[in-house]
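> Respectively, the protein sequence lines represent chains A and B. Okay, so the first sequence: first residue is 1 according to the working numbering, each after it adds one. Okay, so the second sequence: first residue is 1 according to the working numbering, each after it adds one.
Hints in this document: simulated from the structure, not taken from any laboratory. Some hints could be false.
[What the hints assert, rightly or not] Label pairs and their computed distance ranges (CB to CB):
#1 B:CYS118 / A:LYS285: 40 to 48 Å
#2 A:ASN255 / B:ILE269: 18 to 26 Å
#3 B:LEU268 / A:ALA130: 29 to 37 Å
#4 A:LYS103 / B:ILE269: 14 to 22 Å
#5 A:ILE284 / B:ILE113: 33 to 41 Å
#6 A:ARG290 / B:ILE113: 53 to 61 Å
#7 B:LEU247 / A:LEU95: 49 to 57 Å
#8 B:GLY227 / A:LYS103: 29 to 37 Å
#9 B:LEU247 / A:ILE117: 57 to 65 Å
#10 B:ILE269 / A:LEU231: 33 to 41 Å
#11 A:ARG290 / B:GLY95: 18 to 26 Å
#12 B:LEU247 / A:LYS285: 46 to 54 Å
#13 A:LEU165 / B:PHE279: 29 to 37 Å
We put the CB at the ideal spot given by N, CA and C, even for glycine.
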Amino acid sequence: MNQQVRSRRNLQRLVLTSLLLTIVVIGLGAYTRLTHAGLGCPDWPTCYGLIDVPQTSAQITAAEKAFPDRPVETAKAWNEMIHRYFAGSLGLLILGIAIYSIKLRLSKHTASQYPVILPIVILSIVTFQAALGMWTVTLKLMPIIVMAHLLGGFTTLSLLFLLYLRLNAKSMENQGANLVDWQLRKYGRYALLGISILTAQIALGGWTSSNYAAMSCVELPICQGDWLSDLSFENSFDLIPPSKDTYEFGHLAHNERVTIHVTHRIGAIITGVFLTWLALMIFIKARNHRVKSAAVALFSLLVLQIGLGISNIWFSLPLNIAVAHNLVAACLMLSLITLAYKLRQNSQESLYE
Amino acid sequence: MSKVINKSLDIAIDTNEKHFSLTHTLQNWRAYYDITKPKVVALLVLTALVGMSLSVPDGLPWQLLLPAMFGIACLSSAAAAINHIVDEKIDTIMGRTHNRPLPEGRISVESAIIFAACLALIGFVVLYSLVNPLTAFLTLAGLVGYSFIYTLYLKRATPQNITIGGLAGAIPPLLGWTAMTNEIAPNALLLVLIIFTWTPPHFWALAIHRKNDYAKVNIPMLPVTHGVSFTKTQILLYTVLLFVVCLLPYLVGMSNWLYLLGACSLNLIFIRYAWQLKFNATADTAMATFKFSIVHLMLLFIILLLDHYWLPMA
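All chains, full assembly: derive it from the sequences and hints.
Shown next as structure tokens:
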């Protein structure tokens with residue numbers, strides 16, 4: 001029994017560690033992106049052929065000779081390489097979680113059914129993330145790749161969090177005992193709808209950033225000037241862009257960037273209204289204080305996130321606020337997942353019961 | 001405490017408006033939806049769809065496909081609703097099912113009966129007029145077999161309740177088949193046999209998990225009357241039997257190697273679950289086995305479908 005408690009706790013710790021590390025990696029990713037260091041190293045996985053960053057003047061000369069169109073910028077190269085090393089360690093950690101989960105599942109002496117499919121899915125996503133990370137470099141920051149890399153990171157985080165929640169739920173027996181009363185049950189589905197809306201809004205945010213459209217609208221609440229007549233949806237959301245040498249600093253025209261930015265703001269309004277309504281209804285109807293506090297957390301993060309979004313405009317995209325806008329989006333997603341998880345219904349049924 | 005008060009309040013409100021009013025029905029659509037066991041009905045309709053597809057070599061005419069699916073879904077939903085009505089008393093006592101719509105008083109028994117009767121009538125009329133009388137009567141027989149013979153009698157009479165009653169839930173592939181061909185074909189019975197064999201290990205896994213609940217309401221489920229250990233042996237033996245039965249579609253030349261491969265893998269996993277349940281079970285194994293059994297049947301029939309269209313037999 002002691003052994004079982006220990007192995008469960010080990011796995012929980014491992015998952016928690018990688019959860020925290022994922023947040024760090026997402027933060028570093030946003031930082032890399034926002035300091036325009038995504039092409040800080042023109043090759044992959046090495047940086048100008050080195051396992052760290054060219055620093056001595058001899059190294060820099062050799063590097064610039066090998067990559068003549070990309071002069072060395074040590075600070076940017078470091079941002080990129082630090083992100084790569086952290087992401088690499090996260091990958092190894094998740095590999096460890098997958099192996100450990102399989103081992104526990106196969107072991108004869110475990111008292112509960114450990115999830116194995118989820119860890120394997122996370123492992124494959126994180127592997128795919130490595131590929132996307134490579135393509136961000138080799139395809140020169142093609143917007144769709146950059147956005148997919150962001151979404152992949154968020155997916156990794158969300159699924160790791162789900163794994164954490166599942167490991168912390170005592171057992172399947174308890175899930176049945178934890179039934180939420182029926183008035184609240186439908187909000188479980190609305191929380192899932194909220195997750196879809198938020199995912200779309202995060203994707204739009206990623207699209208705004210990867211197309212360098214964050215500063216295309218500088219006024220509140222929607223945009224400056226006659227923005228309605230500026231809108232052009234023709235090319236703004238083309239997933240495959242025309243072939244370019246580099247997509248750094250964007251390839252779209254101004255009015256197309258305005259379109260993307262405006263869409264993200266309108267998305268923010270929709271997401272904000274829906275999540276406010278959701279948090280409010282759950283707060284009013286819930287009798288369980290843990291569900292209530294999850295609703296409060298959701299609402300607080302929402303207010304914070306909208307505040308950060310407005311600050312991005314007001315203060316012209318300061319680095320720390322832009323990174324925070326990215327991280328709080330991740331936290332918002334996690335709080336919504338918590339809510340959906342707490343309100344989920346145990347829906348196993350059989351014809352013969 | 002407040003929950004108890006609220007619940008009795010709900011019941012009080014409900015007794016006040018016992019009549020079957022349309023507005024009440026519309027506001028309560030969720031409760032009506034819930035008593036049809038939508039997920040189970042979806043699985044039944046899937047197996048019926050596979051029956052239809054396998055009955056003819058090429059595409060299905062939508063003029064038959066749509067009314068047949070609709071009618072089978074209606075009658076299955078009605079059957080599930082009748083099951084909820086019949087079991088209202090025991091569901092109130094059982095821990096796992098006390099939050100069903102009827103015990104919670106979200107809808108009255110009268111409303112549920114009218115609802116089920118309407119569904120059954122619509123389903124029967126659609127099948128009779130737009131598909132064929134054979135399918136209509138077979139589907140109705142399924143409803144009677146499940147709702148009345150199984151739920152009302154067998155369930156409360158014998159520990160072999162689901163072994164026999166399983167026939168009612170196994171019939172949809174045959175219904176799909178007759179909907180297309182208007183005759184009872186041996187291959188259709190083969191599909192019925194698969195679900196028939198699958199039912200005992202599927203349900204007994206859940207019955208083990210809810211043994212105490214069933215004991216509380218005097219339902220003679222096998223784990224209650226013959227013990228958990230005996231039931232687990234039965235589950236293991238039935239999964240082995242299921243493995244053999246699942247080979248038949250390949251052996252009679254109805255399906256190709258893709259099905260053989262899929263069926264073997266799924267059944268080996270099922271046997272593995274049953275083995276674990278018998279010899280090194282943990283608190284969750286019974287429930288995990290039950291959950292897997294649903295995935296097993298669903299994937300098995302999807303593979304039958306893929307196999308039929310990708311690797312058609314001459």
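> Work down the list of hints and note, for each, if the structure agrees.
Here is how each hint holds up against the structure:
Under the hint 40 to 48 Å, the C-beta atoms of CYS118 of chain B and LYS285 of chain A, about 31 Å apart, miss the expected range. In this structure, ASN255 of chain A and ILE269 of chain B break the distance hint of 18 to 26 Å, their C-beta atoms being roughly 56 Å apart. Checked against the hint of 29 to 37 Å, the C-beta distance between LEU268 of chain B and ALA130 of chain A comes to roughly 33 Å, which is consistent with it. The hint said 14 to 22 Å for the Cβ distance between LYS103 of chain A and ILE269 of chain B, and at roughly 18 Å that hint holds.
For the pair ILE284 of chain A and ILE113 of chain B, the supplied restraint of 33 to 41 Å holds, since their beta-carbon distance comes to about 35 Å. Evaluation of the 53 to 61 Å hint for ARG290 of chain A and ILE113 of chain B yields a failure: the beta carbon distance comes to about 39 Å. In this structure, LEU247 of chain B and LEU95 of chain A break the distance hint of 49 to 57 Å, their C-beta atoms being roughly 38 Å apart. Restraint check, GLY227 of chain B to LYS103 of chain A: a C-beta distance of roughly 33 Å satisfies the suggested window 29 to 37 Å.
Taken as a hint, the range 57 to 65 Å is violated for the pair LEU247 of chain B and ILE117 of chain A, whose Cβ atoms sit roughly 27 Å apart. A hinted range of 33 to 41 Å is violated for the C-beta pair ILE269 of chain B and LEU231 of chain A, which are about 53 Å apart. Between ARG290 of chain A and GLY95 of chain B the beta carbons are some 21 Å apart, a value that agrees with the proposed interval 18 to 26 Å. A C-beta distance of roughly 52 Å is found between LEU247 of chain B and LYS285 of chain A, which places it inside the suggested range of 46 to 54 Å.
In this structure the supplied range 29 to 37 Å holds for LEU165 of chain A paired with PHE279 of chain B, their Cβ-Cβ distance being about 30 Å.
Checked against the numbered hints given earlier, this structure breaks hints 1, 2, 6, 7, 9 and 10; the rest are met.
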